[in-house]
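Visitor: Sequence:
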Amino acid sequence: GGCIMGTDTAQNDILTVMQTPLASLTTVDMGDIVYVNTMYTPELSPYVQVFHLPAPMYQASLGTYGQYRYDGIFQVDVNVPAGSGRTVVNPILAEIKEIYKPGTLLTNENISVRCKAVWESTPYEENGWYTVPINVRYYTYTEN
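The working numbering numbers the first residue of the sequence shown as 6 and each following residue consecutively.
No lab work stands behind these hints: they were computed from the structure.
Misleading hints may appear alongside valid ones.
Stated by the list, open to error - SDA-like cross-link-like pairs, simulated, lysine to any residue; straight-line CA separation at most 20 Å:
#  : residue 1 : residue 2
1  : Lys106    : Cys120
2  : Lys106    : Thr69
3  : Lys121    : Gly90
4  : Lys102    : Glu48
5  : Lys106    : Leu30
6  : Lys106    : Val123
7  : Lys121    : Val39
8  : Lys102    : Ser126
9  : Lys102    : Ala15
10 : Lys106    : Arg119
11 : Lys106    : Gln80
12 : Lys121    : Leu20
13 : Lys106    : Tyr135
14 : Lys121    : Pro26
15 : Lys102    : Arg74
16 : Lys102    : Asn115
17 : Lys102    : Gln24
18 : Lys106    : Pro47
As the list claims (entries may be wrong) - Label pairs and their computed distance ranges (CB to CB):
#  : residue 1 : residue 2 : range
19 : Thr14     : Pro47     : 30 to 36 Å
20 : Asp76     : Pro128    : 22 to 28 Å
21 : Arg91     : Ala65     : 37 to 43 Å
22 : Asn42     : Tyr63     : 25 to 31 Å
23 : Ser89     : Gly68     : 51 to 57 Å
24 : Ala87     : Thr43     : 30 to 36 Å
Glycine included, every Cβ here is placed at the ideal spot set by N, Cα and C.
Using the sequences provided together with the hints, build the complete structure.
Guide: Dropping the structure here:
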């Protein structure tokens, strides 16, 4: 029989494999990467915050060894002090978009996730921070 992978396990594996490359950022300090459900108090340095928006899983192929397909959006909010200009935020945006450029396959021992698209959402200013969300659309297949 095939291995049984619950939706929760798959979603955890997807989040893990998607957020791992952020540790290699050179434009943001390690301590300023805010992973899902972690405490963080912004100081004055730029920071990025991770969100995961999974779509419903569905069966992609039939049969005993059929596969499930998972799609979703991995979001990275890039936060810089308001008024610091695009020169501060642009290199961070560029580096993140390069990590997740379309076609990139992110993989570990549990899962391989393909990046399908990457784009910036509408920036906004709040509480002294200028935020640019970056969205990464992904998909992966797992055994059922």
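Visitor: Confirm or reject each hint.
Guide: Hints versus structure:
1. Lys106 <-> Cys120: holds (7 Å)
2. Lys106 <-> Thr69: violated (34 Å)
3. Lys121 <-> Gly90: Violated. Lysine 121 to glycine 90 sits at ~29 Å, over the 20 Å cutoff.
4. Lys102 <-> Glu48: With a Cα-Cα distance of about 24 Å, the restraint between lysine 102 and glutamate 48 is violated, given a limit of 20 Å.
5. Lys106 <-> Leu30: holds (15 Å)
6. Lys106 <-> Val123: Since the Cα atoms of lysine 106 and valine 123 sit roughly 6 Å apart, the hinted pair holds (cutoff 20 Å).
7. Lys121 <-> Val39: violated (23 Å)
8. Lys102 <-> Ser126: holds (12 Å)
9. Lys102 <-> Ala15: violated (24 Å)
10. Lys106 <-> Arg119: holds (10 Å)
11. Lys106 <-> Gln80: It holds: about 13 Å lies between the C-alpha atoms, which stays within 20 Å.
12. Lys121 <-> Leu20: holds (16 Å)
13. Lys106 <-> Tyr135: violated (23 Å)
14. Lys121 <-> Pro26: Given pair lysine 121, proline 26 holds - Cα atoms ~16 Å apart, limit 20 Å.
15. Lys102 <-> Arg74: Cα-Cα ~24 Å, so violated.
16. Lys102 <-> Asn115: violated (24 Å)
17. Lys102 <-> Gln24: holds (13 Å)
18. Lys106 <-> Pro47: Judged against 20 Å, a Cα distance of about 28 Å means the pair is violated.
19. Thr14 <-> Pro47: 30 to 36 Å: holds (32 Å)
20. Asp76 <-> Pro128: 22 to 28 Å: holds (25 Å)
21. Arg91 <-> Ala65: 37 to 43 Å: Roughly 41 Å apart at Cβ, these two residues keep to the hinted range, so it holds.
22. Asn42 <-> Tyr63: 25 to 31 Å: Taking Cβ atoms as reference, asparagine 42 and tyrosine 63 lie about 26 Å apart, which means the hint holds.
23. Ser89 <-> Gly68: 51 to 57 Å: holds (55 Å)
24. Ala87 <-> Thr43: 30 to 36 Å: violated (23 Å)
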